[in-house]
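**Student:** For the record, the sequence lines run as chains F and Y. Per the working numbering, the very first residue in the first sequence carries number 34; after that it's consecutive. Per the working numbering, the very first residue in the second sequence carries number 34; after that it's consecutive.
Any given hint could turn out to be false.
If several chains are the same, the list does not tell them apart, and a pair holds so long as it fits within one copy or across any two.
[To be verified] Below, in silico cross-link-like pairs of lysine to any residue (SDA-like), each with a Cα-Cα straight-line distance of 20 Å or less:
{"no.": "1", "residue 1": "Lys631", "residue 2": "Leu602"}
{"no.": "2", "residue 1": "Lys481", "residue 2": "Lys491"}
{"no.": "3", "residue 1": "Lys631", "residue 2": "Arg620"}
{"no.": "4", "residue 1": "Lys552", "residue 2": "Leu500"}
{"no.": "5", "residue 1": "Lys483", "residue 2": "Leu615"}
{"no.": "6", "residue 1": "Lys643", "residue 2": "Ile495"}
{"no.": "7", "residue 1": "Lys608", "residue 2": "Pro639"}
{"no.": "8", "residue 1": "Lys501", "residue 2": "Ala519"}
{"no.": "9", "residue 1": "Lys225", "residue 2": "Asn328"}
{"no.": "10", "residue 1": "Lys56", "residue 2": "Asn522"}
Hints are computed from structural coordinates only; laboratory data are not their basis.
There are 2 protein chains.
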Amino acid sequence: MNKGLKRLLIGRPLKNEEIQGEKFGVLWGLPILSSDAISSVAYAGQEILLVLLPIAGFLAFKYMAYISLAIIVLLGILTLSYRQTIDCYPNGGGAYVVAKENIGLIAGVTAGSSLCISYILTVAVSIASGVQQIVSAFPVLKPYTSYLCVLVIILMTLGNLRGIKESAKLFSLPTYFFIFSILLMLVVGVIKIFAGYKPEPLVLDESSFQPVTLFLILSAFTNGCAALTGVEAVSNSVPNFKAPSTKNAKAVLALLSTLVLIVFGGTSIIVNYYPINPEKGAMLVQIAQMIFGRNIFFYTITVLSFAILVLAANTAYFGFPNLISVMAREGYVPRQLSMRGDRLSFSNGIISLSAIAALLILIFNANVTRLIGLYAIGVFISFTLSQAGMFFRWIKNKGDNWVVKAAINGFGAFVTFVIVIVIAITKFTMGAWIVVIVIPVMIFLMLKVKTHYMALHKQLKISPEELKDVSIPRDVYTNRVIVPIASINRASIRALRYARTISDNVVAFNVSIDEEQGKKVREKYNMLDTDIPLIVKYSPFRRVVEPLLMFIESAEYDYQKGDIITVILPQFVVKRWWNNALHNHTRAIIERQLIRHKHIVICTMPLQMKDDDRVLKSHKYK
Amino acid sequence: MNKGLKRLLIGRPLKNEEIQGEKFGVLWGLPILSSDAISSVAYAGQEILLVLLPIAGFLAFKYMAYISLAIIVLLGILTLSYRQTIDCYPNGGGAYVVAKENIGLIAGVTAGSSLCISYILTVAVSIASGVQQIVSAFPVLKPYTSYLCVLVIILMTLGNLRGIKESAKLFSLPTYFFIFSILLMLVVGVIKIFAGYKPEPLVLDESSFQPVTLFLILSAFTNGCAALTGVEAVSNSVPNFKAPSTKNAKAVLALLSTLVLIVFGGTSIIVNYYPINPEKGAMLVQIAQMIFGRNIFFYTITVLSFAILVLAANTAYFGFPNLISVMAREGYVPRQLSMRGDRLSFSNGIISLSAIAALLILIFNANVTRLIGLYAIGVFISFTLSQAGMFFRWIKNKGDNWVVKAAINGFGAFVTFVIVIVIAITKFTMGAWIVVIVIPVMIFLMLKVKTHYMALHKQLKISPEELKDVSIPRDVYTNRVIVPIASINRASIRALRYARTISDNVVAFNVSIDEEQGKKVREKYNMLDTDIPLIVKYSPFRRVVEPLLMFIESAEYDYQKGDIITVILPQFVVKRWWNNALHNHTRAIIERQLIRHKHIVICTMPLQMKDDDRVLKSHKYK
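My request is simple: use the sequences and hints to build the entire structure.
**Tutor:** This is how it looks when you write it as structure tokens:
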């Protein structure tokens with residue numbers, strides 16, 4: 034990217050020391066980390082209704098209240114369980130770390146893969162739902178839903194490439210506004226009910242009504258479980274908190290649960306009095322329209338719902354690159370993913386996250402119902418492994434009150450494991466099968482990558498004992514230089530002169546397509562004042578590398594085992610990017626083939642070209 | 034591509050000497066070079082009818098006969114004109130060469146661009162029409178038309194990558210079979226007419242009938258002009274003929290014209306007695322069904338029509354890469370396009386041709402009528418320039434009978450120029466506008482490329498006088514070496530040892546993210562038995578190249594103008610392709626940035642990695 038443009042879009046680079054300044058306290062930590070859980074009010078309830086309403090009719094609203102209650106209980110269990118994780122892992126206790134340390138490698142890698150998938154789906158689901166809020170209020174935008182989603186993801190990517198703190202402040206206030214406006218809506222809604230408000234009757238297609246099965250209830254319940262996906266973000270992010278980070282993190286976790294209880298529980302109850310049809314648009318937008326009418330409050334709720342869902346997606350922009358970089362440092366994913374970008378964000382991770390989420394949105398046509406089928410399973414696998422890890426930790430390490438603590442984590446692990454099974458069954462055909470296939474594939478690849486790094490390390494490492502005996506003598510290698518030349522010009526002269534400075538054993542090497550061309554090159558070469566011999570080979574196959582390798586192996590060249598052969602290749606460095614299309618192809622091909630031979634070192638000699646127009650002030654074509 | 038697979042698909046590589054054996058005589062030259070013109074019987078007539086029938090009704094068949102007559106007259110003029118080109122250009126007289134030599138550079142480049150476009154459209158139109166023949170006989174295939182076209186292009190690409198002669202023999206016999214079967218069809222058709230055959234009456238929608246305008250006649254005529262696109266192929270391909278190549282080429286040109294006269298003229302007349310509806314499928318297939326019924330002869334005609342249209346497309350696979358390589362040698366298109374591939378075909382040209390033609394087919398949905406709007410204009414621009422070039426040549430060089438010869442070429446140029454104007458007007462909105470825009474763009478780019486090569490040449494060339502004074506002294510440069518090391522391992526030791534052999538002025542250079550890491554590296558380095566100094570720099574921005582460049586410019590390093598600095602970078606050469614994703618990223622980034630500095634030479638030191646499983650016979654993850 035152009036440097037100026039890059040600066041404008043993502044800001045100036047930050048020093049390592051500036052990382053400390055990027056950390057957040059409770060005030061900024063809450064909106065950043067709670068938005069995922071709180072924002073789920075915008076789709077979890079709606080997706081519950083979407084399952085129940087066509088089958089159960091108006092009874093759906095009742096069922097929904099009970100299901101929401103179950104989810105809130107589950108939230109309580111998770112909150113207690115994760116408080117303990119925060120205490121034990123002040124450096125960040127993601128499911129990957131906890132499962133790997135306390136259960137084993139495979140458990141850790143499994144948790145890591147599951148988390149990767151759930152971060153990606155957090156972005157996809159939240160953005161799809163966020164845009165759904167907008168298009169529900171402005172139906173004219175409906176045909177552009179997918180494009181709007183991708184646009185939002187692009188903007189978020191740029192925002193996150195700018196770095197942690199600025200994006201936090203940039204994006205945080207809406208969470209508070211959202212919470213406040215939902216509370217206001219609930220209060221006004223309750224007042225209207227007591228004032229005797231009667232909603233327009235909801236017209237349902239009764240022909241599809243059927244007896245409500247347990248499968249149906251469970252399917253609705255698993256949709257609602259998407260509401261719990263923010264909890265692990267807090268325990269992952271402990272080191273991002275200002276000191277005392279553990280205490281701050283626990284405060285944020287407690288506040289988060291309370292807010293979800295009020296907002297999610299409140300809307301699940303109030304929708305009984307303001308019945309909506311989830312197929313006609315976003316639930317929150319419809320409730321707001323009934324409670325406020327189509328005025329400034331309505332538009333505020335719509336925009337804030339969109340905003341908090343964007344914030345929820347943003348949660349993943351902390352979690353995902355962090356996780357990837359931890360796994361990269363340990364060698365389970367490619368190392369280059371562990372490098373921080375210019376602005377201390379993990380740029381590679383951010384960009385991959387955005388790209389895959391955008392792809393999913395395009396594939397699933399930004400349909401929240403279809404995306405949610407993939408969502409919860411990954412989250413609950415990591416919940417299970419993380420809490421199981423904590424359970425084993427207590428068993429092993431003991432400590433104060435360890436039996437109670439083990440019971441809390443163990444119960445949490447048990448409950449979430451049951452939910453994993455329920456999701457796998459009820460959502461299998463709705464997308465969960467993809468996750469069920471992808472996770473083992475990811476585990477396999479991660480182990481492959483790790484094996485490779487281990488093999489590499491073993492080949493490269495020198496033990497301290499060996500190190501003492503290592504010397505760098507002047508004459509360990511005999512260095513011999515070959516300068517391939519196509520013709521005698523300034524580039525080849527420069528290469529020959531350089532060759533002369535690095536070795537006394539230099540040959541110039543020419544491959545000619547026909548005898549005549551070779552003769553010409555030799556004639557010109559003989560005019561030079563040099564003792565470097567020129568070898569001319571005729572290449573019947575119009576190839577360059579093969580004759581060179583054959584020459585090296587020939588008796589004529591007398592290659593001795595252990596000699597290093599340096600091949601000098603000029604590379605034209607041109608002023609305009611399109612000029613590159615015209616150069617260096619042969620060089621690249623030669624380099625790619627020679628690099629496979631371990632006794633050959635390739636020297637790339639840059640040759641700066643001047644601008645065409647400066648060289649040719651006036652010229653005629655010929 | 035995998036080497037074994039490549040051999041299987043495109044055969045063994047050929048030597049330069051084998052080119053001679055790839056040339057063809059009249060017997061093989063005729064089918065290869067005539068197929069384009071002869072195959073046009075399959076679509077030119079049909080596209081004439083498609084314009085006229087909805088407007089003029091049954092009168093269309095009469096008009097078509099007259100239009101075909103005009104086209105045959107035009108063919109006669111072109112044949113006479115191009116005979117003279119073959120005589121004057123035994124090394125291949127493509128429009129590019131003739132126009133450039135006799136009119137000027139811009140005319141040449143214009144002809145070159147036009148020819149490029151017409152070669153591409155020869156492939157697109159012929160394949161689209163070929164597949165249309167098949168789907169007309171087997172309507173069940175109709176939904177897959179575009180895919181079938183792309184499949185055929187892929188197969189042709191492979192065939193042509195195999196080389197000239199084999200593809201000729203592989204593809205040639207069908208032309209003779211096609212000619213024979215069309216003659217048989219015409220004879221049987223005439224016999225049936227005399228035997229009193231009455232076709233089923235053709236039902237036309239009379240509501241669309243309108244008075245026939247000159248514009249309409251001209252539009253139909255320009256569609257028919259697509260029939261003439263094979264003529265220039267012969268004069269381009271003179272050097273591909275066996276000796277005496279001029280005589281053989283002229284014989285082929287004469288035979289070609291006679292065959293087009295019989296086949297194209299014959300079907301244009303007979304369709305008056307076997308009226309078909311061109312909107313219901315391919316004309317030839319429909320006529321064959323009426324004459325033969327749906328039996329073995331019908332299927333034979335269908336398959337042979339398809340086959341000769343594939344052959345017609347194949348014409349472009351000789352012409353296009355030949356043209357491109359001529360222009361590449363002269364520097365108007367990127368030089369790498371002039372290199373012959375393994376099997377003496379011009380692989381790059383073949384692949385580009387296929388790719389663009391396939392793209393056009395996908396864009397225009399394999400619709401012959403829409404593609405033909407782009408086709409004829411390019412061909413006729415090159416006809417005009419080629420014959421105008423010949424005209425100027427006679428004026429300048431004179432010679433025997435030059436007035437008559439100039440008159441023939443001049444008349445040809447005039448007629449084809451008028452047709453260019455007619456096509457530009459009648460087909461402007463039907464696709465000709467694309468060509469009208471693309472040709473000037475291509476001319477501009479070609480001149481830009483030429484300018485660049487000229488500027489490059491000027492900067493590189495050393496005149497023979499200068500050459501005598503050029504020496505290659507041992508000490509023209511002071512060579513200083515920097516070895517960037519991330520840690521002390523076998524790769525860095527190897528690089529340091531190599532550095533020692535090429536210079537006495539070596540420094541090891543480490544960039545550390547934090548002070549602690551730098552200290553560790555220094556500790557290990559100090560254990561080495563070496564006098565090479567280690568420089569450790571702390572990089573606050575987590576960058577590698579900037580600190581290195583800053584160090585080079587610092588007083589500490591004491592860089593003197595004219596010194597060359599060699600930077601040695603290890604590159605891991607891994608056994609499995611996917612391992613590459615895990616390595617060499619940092620190296621590539623460093624190389625790309627350093628290459629911009631002219632005093633820096635980059636040495637890539639390959640380090641062969643063993644296979645993971647061999648290194649780690651038994652291992653535990655950690």
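**Student:** Is it within, between, both or neither when you check Lys608 against Pro639 at 20 Å Cα-Cα?
**Tutor:** within (13 Å within a copy, 29 Å between copies)
**Student:** Which holds for Lys225 with Asn328 at a C-alpha limit of 20 Å: within a copy, between copies, both or neither?
**Tutor:** Within one copy only: 16 Å inside a chain, 82 Å across chains, cut-off 20 Å.
**Student:** Classify it for me, Lys483 with Leu615: is the Cα-Cα distance of at most 20 Å met within a copy, between copies, both or neither?
**Tutor:** between (40 Å within a copy, 10 Å between copies)
**Student:** What label fits Lys481 with Lys491 when the C-alpha limit is 20 Å: within, between, both, or neither?
**Tutor:** So Lys481 and Lys491 pass the 20 Å test inside one copy only (15 Å; across, 52 Å).
**Student:** At most 20 Å between CA atoms: does that hold for Lys631 and Arg620 within a copy, between copies, both, or neither?
**Tutor:** This pair counts as both: shortest intra-copy Cα distance 18 Å, inter-copy 17 Å.
**Student:** One pair to classify: Lys631 and Leu602, alpha carbons no more than 20 Å apart. Within, between, both, or neither?
**Tutor:** Classified as both; 17 Å inside a copy, 14 Å across copies.
**Student:** As a check of your reading, is Lys643 near Ile495 (CA-CA no more than 20 Å) within one copy, between copies, both or neither?
**Tutor:** Answer is between: at 17 Å across copies they meet the 20 Å cutoff, but 46 Å inside does not.
**Student:** Reference check for the pair Lys552 and Leu500, CA-CA at most 20 Å: within, between, both, or neither?
**Tutor:** For Lys552 and Leu500, only the inter-copy Cα distance (17 Å) is at most 20 Å; the intra-copy one is 52 Å.
**Student:** How would you label the pair Lys501, Ala519 (within, between, both, or neither) given a Cα cut-off of 20 Å?
**Tutor:** Cα proximity of Lys501 and Ala519: across copies only (19 Å, versus 46 Å in one copy).
**Student:** I want to check one pair: Lys56 and Asn522. Are their C-alpha atoms no more than 20 Å apart within a copy, between two copies, both, or neither?
**Tutor:** neither (58 Å within a copy, 36 Å between copies)
In the structure shown, a violation is registered for the earlier hint numbered 10 alone.
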